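Chains as they are written, first to last, in the working numbering: chain Y, 14 to 239; chain W, 95 to 224.
Just so you know, these hints were derived from the structure itself, not from any lab. Fair warning: there could be bad hints in the mix.
[What the hints assert, rightly or not] In silico lysine to aspartate or glutamate, EDC-like type, Cα no more than 16 Å apart, as pairs: (1) W:K145 / W:D161; (2) Y:K174 / W:D161; (3) Y:K119 / Y:E196; (4) Y:K237 / W:D136; (5) W:K105 / Y:E97; (6) W:K203 / W:E113; (7) Y:K63 / Y:D85.
On a predicted model such as this, the values are computed, not experimentally measured, just so you know.
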Amino acid sequence: MDAPGHMALDEAILELALPGTSFFRFYEWRGPAVTFGLAQPYALALACAKASGMACVPIVRRPTGGGVVFHDGDLTFSVVFPWERLSPALQVYERMHLGIREALAKRGVETSVAGFAGPPPLLAPPAGGGERSICFDAPSPFDLLGGNGEKLLGGALRRRKGQGLYQGSFRPERCRLPRRELEVAVAEGICAAWPGARPEPLDPAWFAAGERLAEKYGSAAWNKRR
Amino acid sequence: MPRPEACRYMKSHEWVSLEGGTAVVGVSDFAQGEMTDVVYVDLPKVGGKVKLGLACGVVESVKAAFDFYSPVSGEVVAVNEGLAKDPALVNRSPLGDGWFFKVKPADPKETESLMDWGKYQDFVKAAARP
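Could you build all of it, start to finish, from the sequences and the hints given here?
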């Protein structure tokens with residue numbers, strides 16, 4: 014599936030999943046792509062993509078917040094979960110990433126959760142460049158870090174009608190686990206954080222709704238709206 | 095700036111205040127505190143229609159985007175342009191300079207179905223319990 018298709022399917026699941034239910038899925042990318050946060054300017058995402066040699070791949074605005082993410086071999090996944098009571102996003106990150114940290118620890122991979130040092134500057138590039146608007150350039154609060162402090166996993170969130178959507182990106186090359194084993198660990202961590210979370214197969218109606226929404230995510234009206 | 099006691103509230107934490115023939119809309123102090131640092135507000139368009147209880151925009155804070163819902167039905171007659179330059183107004187003054195948009199209500203009595211200040215305070219206390 015391409016980048017607009019993945020964004021659309023995530024929004025469809027968020028919209029259509031029954032309240033109180035949890036689902037997760039791992040992406041299979043058709044090719045490299047760049048996604049950027051709901052509120053970020055397109056020009057910023059394009060500048061970051063150009064600087065990283067990814068200007069020629071699809072650049073798509075996500076339904077979630079956060080920074081620019083390069084999907085060039087990352088392990089990408091999404092989780093829809095109950096988020097009934099309005100509460101700080103950092104609590105969701107903490108819960109999700111602690112679950113995954115525990116699952117990795119069982120496999121001998123030691124990680125830590127980044128501390129809170131103020132909000133990340135996601136919307137505007139610092140003087141001289143847009144590096145700090147890129148998700149993996151610097152840890153945000155409650156990101157998952159490797160033993161050397163390098164960021165392993167970052168996420169982005171959307172809350173709608175008492176349900177949450179988490180979109181996560183894990184850099185497998187920064188972790189010594191084989192990719193398949195890493196996927197199993199992430200799934201285990203998600204289920205620890207959200208007991209009852211189910212993986213695919215997803216409801217066919219969600220795919221149909223996602224196909225209808227894919228046009229939006231592929232459009233200039235959506236991606237260049239800011 | 096409306097007094098909190100003069101507003102009506104949604105369970106999703108939006109407030110509405112009727113001022114003459116216009117309804118002013120924003121999010122409550124509790125909501126801004128839970129969403130934390132607001133970095134962007136996607137507002138409805140002037141001239142567009144909003145409907146009670148339906149999503150009409152998005153607030154983005156630290157790495158999360160929150161849908162918000164209209165507490166009144168009608169036509170949007172103004173939006174808070176100041177939020178584009180300074181979205182943190184929502185945090186600093188949620189009932190004042192951080193208002194979202196103004197509506198010409200289709201039915202001003204519609205907001206009577208929402209919580210008054212006393213009921214909203216009880217609702218927030220219950221929601222804040224772990």
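Status of each hint after checking the structure:
no.	hint	in the structure
1	W:K145 / W:D161	holds (14 Å)
2	Y:K174 / W:D161	holds (8 Å)
3	Y:K119 / Y:E196	holds (14 Å)
4	Y:K237 / W:D136	holds (14 Å)
5	W:K105 / Y:E97	holds (11 Å)
6	W:K203 / W:E113	holds (13 Å)
7	Y:K63 / Y:D85	holds (14 Å)
Comparing the model with each earlier hint shows no violations; every hint is respected.
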